[in-house]
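Q: Whenever a hint applies, use it, and build me the whole structure from the sequences.
Just so it is clear: in the sequence shown, position 124 is 129 by our numbering, and no numbers are missing.
If you're looking for bench data, these hints aren't it; they were derived computationally from the structure. If you're wondering where the values come from, they're calculated on a predicted model, not measured in any experiment. Take these hints with a grain of salt, some might be off.
Stated by the list, open to error - BS3-like, lysine-lysine: derived pairs with alpha carbons at most 30 angstroms apart:
{"#": "1", "residue 1": "412", "residue 2": "362"}
{"#": "2", "residue 1": "418", "residue 2": "354"}
{"#": "3", "residue 1": "412", "residue 2": "259"}
What the hints assert, rightly or not - Across the chosen pairs, the derived CB separations fall in these ranges:
{"#": "4", "residue 1": "277", "residue 2": "425", "range": "30 to 36 angstroms"}
{"#": "5", "residue 1": "68", "residue 2": "331", "range": "31 to 37 angstroms"}
{"#": "6", "residue 1": "198", "residue 2": "347", "range": "32 to 38 angstroms"}
{"#": "7", "residue 1": "71", "residue 2": "178", "range": "47 to 53 angstroms"}
{"#": "8", "residue 1": "41", "residue 2": "236", "range": "51 to 57 angstroms"}
{"#": "9", "residue 1": "366", "residue 2": "425", "range": "14 to 20 angstroms"}
{"#": "10", "residue 1": "8", "residue 2": "191", "range": "46 to 52 angstroms"}
{"#": "11", "residue 1": "18", "residue 2": "262", "range": "42 to 48 angstroms"}
Backbone N, C-alpha and C define an ideal beta-carbon position, used for all residues, glycine too.
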Amino acid sequence: MVDHVSVGLLGLGTVGSGVVRMIDSNREELQHRVGCPVYIEKILVQDIQKERLVSIKEDWLTQKPEDVLENTGIHVVIEVMGGIELAREYITLALKNKKHVITANKDLMALHGAELLQVANENGCDLFYEASVAGGIPIIRSLVDGLASDRITKIMGIVNGTTNYILTKMDKQKRNYEEVLKEAQSLGYAESDPTSDVEGIDAARKMAILSTLGFSMHIHLDDVNVSGISKVTQEDIEYARQFGYTLKLIGNAKKDNGKVEISVEPTMLPDSHPLASVNDEYNAVYVYGESVGETMFFGPGAGQLPTATSVVSDLVAVVKNMRLGVNGKNAVGPQFSKQLKEQSEIQGKFFYRLHLKDEAGAFSAITSLFALHEISLEKLIQSPVNSTGFAEVVIVTHGTNKNQNNKVYNLLKDSDVVQEIKSHYRVEGA
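A: Right, here's the structure in full:
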């Protein structure tokens, strides 16, 4: 049984500094929980002379990866450097050197998680990644352990704080997308290049990880249908409000009869839905189980200390496994082969905002297209013709399948009476 645990870090940025701070300030609590002292041995950095916002010992820092990855005195490696290929290389080497690994790297785990978990299994090592999804919310451990006895049928959530902040400000303060994006960047909620966040890629990676765990099948990033919020307008949000909806970027994963659908897209939620009240940079994940019913996990989705909390929680789990001698024995491969739903098997309601030409029969022409494909209309607003000579028609359909909806969308796009499809979103049922 080990009498102490030494930790090596790859990276000392925002999250890495938070990890160092928590291990240092919570030293006595950690020792009490795991039964032995936990020490930091080495930290890989790019610039040793850089001024730090956290107190560290000079001999902790190194610019040589081997000082961490090949150091026989280090038991656990924590990867908080980010990126994909170099992180993948370092984690693989650490595992092959029989070191347990903790990572906060969602991009890496979404793309190469299955491969790295296999390497961990082959070498009798733990590979934990709680911090890769939803910051301080313990959603991965909840799926793997807390809900392990249940069959998960749906995972639905707000898993990107940047986009939730932007949509919240657009909704509550009636401001446009570009203005709020600049504010989010100035506050550090959005990167200088916000593409990964605002186009839904970051959320899609997280949903791929959650779906793999929740449904016990390998879900790849390419299996997620993705669209972002960059085209959301104040008009869309106003119409959503009129209909009793709130517009959010929602990750949605659903399993029916062994087949799954996974998407990330702007979605109109009924105001009564618990996720509709999740605002600003907060995240929340709604999980449906056959036995437990509905559960929701809510909290800060990012930030130094919330994310560091998840990392250090994984460290506690690794050390407990070390003292019990059960490292590398908790990994269970997917139970089911992947089966994705066909478009005709994906059900939903849909929102349309159309600009029609001001001519006789235009309105009946578009409603007939919906009727042709047996899609009935639940809600409808027709605004007066404006000075440009076009009328605005807003529609929410009743439930239909995505294949039928796509056919109507294409017919509307090619219709002589439709000047433009201004907006098109999924609508979540009450």
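Q: Between residue 18 and residue 262, does the beta-carbon spacing fit 42 to 48 angstroms?
A: For residue 18 and residue 262 the Cβ distance comes to about 44 angstroms; the hint holds.
Q: Is 46 to 52 angstroms right for how far apart the beta carbons of residue 8 and residue 191 are?
A: Holds, at about 49 angstroms.
Q: Should the hint that residue 366 and residue 425 are 14 to 20 angstroms apart at their CB atoms be regarded as holding?
A: holds (18 angstroms)
Q: For the pair we were handed, residue 412 and residue 259, check the Cα-Cα distance against 30 angstroms.
A: It holds: about 23 angstroms lies between the C-alpha atoms, which stays within 30 angstroms.
Q: Honestly, do residue 71 and residue 178 meet the 47 to 53 angstroms range at C-beta?
A: Holds: the Cβ-Cβ distance is about 51 angstroms, inside 47 to 53 angstroms.
Q: Is 51 to 57 angstroms a correct range for the gap between the Cβ atoms of residue 41 and residue 236?
A: Between residue 41 and residue 236, where Cβ atoms are some 54 angstroms apart, the hint holds.
Q: For the hint 30 to 36 angstroms, verify it against the beta carbon of residue 277 and that of residue 425.
A: holds (32 angstroms)
Q: So does residue 198 sit 32 to 38 angstroms from residue 347, Cβ to Cβ?
A: holds (35 angstroms)
Q: Given the hint that residue 418 pairs with residue 354, does the C-alpha gap stay at or below 30 angstroms?
A: holds (19 angstroms)
Q: Mind checking the hinted window 31 to 37 angstroms against the Cβ distance between residue 68 and residue 331?
A: For residue 331 against residue 68, whose Cβ atoms are near 35 angstroms apart, the range 31 to 37 angstroms holds.
Q: Given the hinted pair residue 412 and residue 362, is their Cα-Cα distance within 30 angstroms?
A: Status holds; Cα separation ~21 angstroms.
Of the numbered hints given earlier, the model fails none.
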